[in-house]
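**Student:** Throw the hints in and build the complete structure from the sequences for me.
Each residue of the sequence shown is one higher than the one before, starting from 1 at the first, in full-length UniProt numbering.
Any given hint might turn out to be false.
[Unchecked claim] Dumping the calculated DSS-like pairs for lysine-lysine here, alpha-carbon to alpha-carbon at most 27 Å:
{"no.": "1", "residue 1": "K80", "residue 2": "K122"}
{"no.": "2", "residue 1": "K120", "residue 2": "K31"}
{"no.": "3", "residue 1": "K107", "residue 2": "K122"}
{"no.": "4", "residue 1": "K107", "residue 2": "K120"}
{"no.": "5", "residue 1": "K80", "residue 2": "K107"}
{"no.": "6", "residue 1": "K80", "residue 2": "K31"}
Just so you know, the hints here were simulated from the structure itself, not pulled from any lab data.
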Amino acid sequence: MKKVFIFGGIIVVIFIAIALLTKMSDSDYYKNAITPEQLEQDLASGKAQTVYFYSPTCSYCQQASPIVFPMAEEMGFDLKPYNVDEHPSAQYGITSTPTIVHFEDGKEVSRIEGFVGEEKFKEFFETNVVNE
Numbered sequence: 001m002k003k004v005f006i007f008g009g010i011i012v013v014i015f016i017a018i019a020l021l022t023k024m025s026d027s028d029y030y031k032n033a034i035t036p037e038q039l040e041q042d043l044a045s046g047k048a049q050t051v052y053f054y055s056p057t058c059s060y061c062q063q064a065s066p067i068v069f070p071m072a073e074e075m076g077f078d079l080k081p082y083n084v085d086e087h088p089s090a091q092y093g094i095t096s097t098p099t100i101v102h103f104e105d106g107k108e109v110s111r112i113e114g115f116v117g118e119e120k121f122k123e124f125f126e127t128n129v130v131n132e
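**Tutor:** Written out as structure tokens, the structure reads:
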């Protein structure tokens, strides 16, 4: 009987550890992800929109997200995450992640693909998003 309690205790500890690790890996960056319907409405209205196309399993996205989201907040614009694993993205020409696309008047005006480092992201935002 003592072995059953020890074995059960070990299983409970393992599940708690898994739950904590999973919770720690969840990012606040993706909580306000835009849906295809919302994106289409925004584009149809002509509203300027900067969209971060990502996959939660993409290692490059996991590297880029902690850089681009705080940078966007610091620069004063809204960067909308769009999950390509959950929603179709072919109509936007997304072939790799991460990809950031800036739209104006319902049309794409610029894009940057892949994990290019903090300086390139900053340059892209300053040139194409903030100084418009």
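**Student:** Could you run down the list of hints and mark each one as holding or not?
**Tutor:** For each hint, the structure was consulted:
no.: 1; hint: K80 <-> K122; result: 16 Å, holds
no.: 2; hint: K120 <-> K31; result: 25 Å, holds
no.: 3; hint: K107 <-> K122; result: 22 Å, holds
no.: 4; hint: K107 <-> K120; result: 22 Å, holds
no.: 5; hint: K80 <-> K107; result: 16 Å, holds
no.: 6; hint: K80 <-> K31; result: 10 Å, holds
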